[in-house]
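Undergrad: Sequence:
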Amino acid sequence: MDFDAEDTDNDGDRDLLINRTRDGDDGPAKGFYQGRTIQLLEHDGNRGFTDITSTHIDQPGGDNDSWFPWLRVQDIDNDGDVDMASDDAGDNANYLNDGGMFTRQ
7 MDFDAEDTDN
17 DGDRDLLINR
27 TRDGDDGPAK
37 GFYQGRTIQL
47 LEHDGNRGFT
57 DITSTHIDQP
67 GGDNDSWFPW
77 LRVQDIDNDG
87 DVDMASDDAG
97 DNANYLNDGG
107 MFTRQ
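Residue numbers (this note's numbering): 7 to 111.
If you're looking for bench data, these hints aren't it; they were derived computationally from the structure.
One or more of the hints may lead you astray.
As the list claims (entries may be wrong) - Computed beta-carbon distance windows for the label pairs:
1. Arg-20 <-> Asp-104: 14 to 24 Å
2. Asn-70 <-> Gly-18: 29 to 39 Å
3. Thr-109 <-> Asp-17: 15 to 25 Å
Don't be surprised by glycine CBs; every beta carbon is placed ideally from N, CA and C.
Take these sequences, add in the hints, and give me the full structure.
TA: Structure representation (structure tokens):
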């Protein structure tokens, strides 16, 4: 759905934030645009990326979460690091960044 390249851990390298939803390949009960997952890939400084979602994003999403098309990556809480939020304010999916760990608010 959406890709953003931002330095999430202030190490000078742009990491990747990926907003995904189901593609319908997992059976008719799931279908298209069901659930969501936000994924974080950390840049290693040498053109490689490591998936650090499970250790750096609190509640990255699941089958029961509503999908949204865009992530807004900006400093929401004015503390100098990039946070992320759903482009749909009604979704109430804000993730605050505290030293590279994103916590859902």
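Undergrad: Now tell me if each hint is right for this structure.
TA: Hints versus structure:
no. : hint                           : in the structure
1   : Arg-20 <-> Asp-104: 14 to 24 Å : 19 Å, holds
2   : Asn-70 <-> Gly-18: 29 to 39 Å  : 37 Å, holds
3   : Thr-109 <-> Asp-17: 15 to 25 Å : 20 Å, holds
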